[in-house]
Amino acid sequence: MQVLWIGCADSRVPESVIMACKPGDIFVHRNIANQFHLSDDSAQSVLTYAVENVKVEHVVVVGHTQCGGIAGAYQMACESGNGPAKAGTTPLLRWLAPLVALSSKPEYASSASDPEARAKILTAISEANVRAQVENIVNSEAMQGAWADANAGTAGRKKVYVHGWVYELESGRLRDLGVSTGPEGSVGAIFVGGKTA
Numbered sequence: 046m047q048v049l050w051i052g053c054a055d056s057r058v059p060e061s062v063i064m065a066c067k068p069g070d071i072f073v074h075r076n077i078a079n080q081f082h083l084s085d086d087s088a089q090s091v092l093t094y095a096v097e098n099v100k101v102e103h104v105v106v107v108g109h110t111q112c113g114g115i116a117g118a119y120q121m122a123c124e125s126g127n128g129p130a131k132a133g134t135t136p137l138l139r140w141l142a143p144l145v146a147l148s149s150k151p152e153y154a155s156s157a158s159d160p161e162a163r164a165k166i167l168t169a170i171s172e173a174n175v176r177a178q179v180e181n182i183v184n185s186e187a188m189q190g191a192w193a194d195a196n197a198g199t200a201g202r203k204k205v206y207v208h209g210w211v212y213e214l215e216s217g218r219l220r221d222l223g224v225s226t227g228p229e230g231s232v233g234a235i236f237v238g239g240k241t242a
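Residue numbers (this note's numbering): 46 to 242.
None of these hints come from the bench; they were simulated from the model. Hints may contain errors.
[Unchecked claim] With a straight-line Cα cutoff of 25 Å, these simulated DSS-like cross-link-like pairs (lysine-lysine) come out:
hint : residue 1 : residue 2
1    : 204       : 100
2    : 203       : 100
3    : 203       : 67
4    : 165       : 204
5    : 165       : 67
6    : 150       : 165
Given only the sequences and the hints, what does the whole structure look like? Please build it.
The following block contains the structure:
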């Protein structure tokens, strides 16, 4: 097992089908909108276990187009009075709070009712979200420790790389956002299972 897949809970994004893998080939953590909150013990535990025990070589954050979590956060950001002030009232709203904040950025503001324009904005937010989650993973204690060990030449420690991808539901294409990072810093695209990701 070489890959930890951190993806969305949406059933339209099945990692084993997308990656053409068999059960057991990919270690998986899924949640609404492929989040990696630094305060989330579940995500932190999965990452730590994958890096230290499973010894994965790649951690991949995979967002997707037409994400309901992204659309919901964007809707909250667009509605006056429903932004961050409302964000902490339920578990779902607390979970989406970072996405609401991300969706509130000026570059995503739009009064366009055109579905195509809205889809482009939501895709841009999905991409920005993947980048943010990659950054969260890079800054996590588990990754910093793994990289310190790999750079120190600790016996049996593989180098681990973090990547950000977006799955396009419309085309079935998996797109690399070019934000891959390893112990030596930013790196290029990777190969998984003999395929360019």
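Status of the hints after comparison with the structure:
Taking the CA atoms of residue 204 and residue 100, the gap is about 9 Å. The hint holds against a cut of 25 Å. About 7 Å separates the Cα atoms of residue 203 and residue 100, which keeps this hinted pair within 25 Å; it holds. Our distance criterion of 25 Å between C-alpha atoms is met by residue 203 and residue 67, whose separation comes to about 23 Å. Note on residue 165 and residue 204: the hinted pairing is violated, with a Cα-Cα distance of about 35 Å set against a maximum of 25 Å.
Of the pairs offered as hints, the one joining residue 165 and residue 67 is violated, with about 33 Å between alpha carbons and a cut-off of 25 Å exceeded. The suggested pairing of residue 150 with residue 165 holds, with an alpha-carbon distance near 15 Å, which does not exceed 25 Å.
The structure fails to meet hints 4, 5 from the earlier list, while all remaining hints are met.
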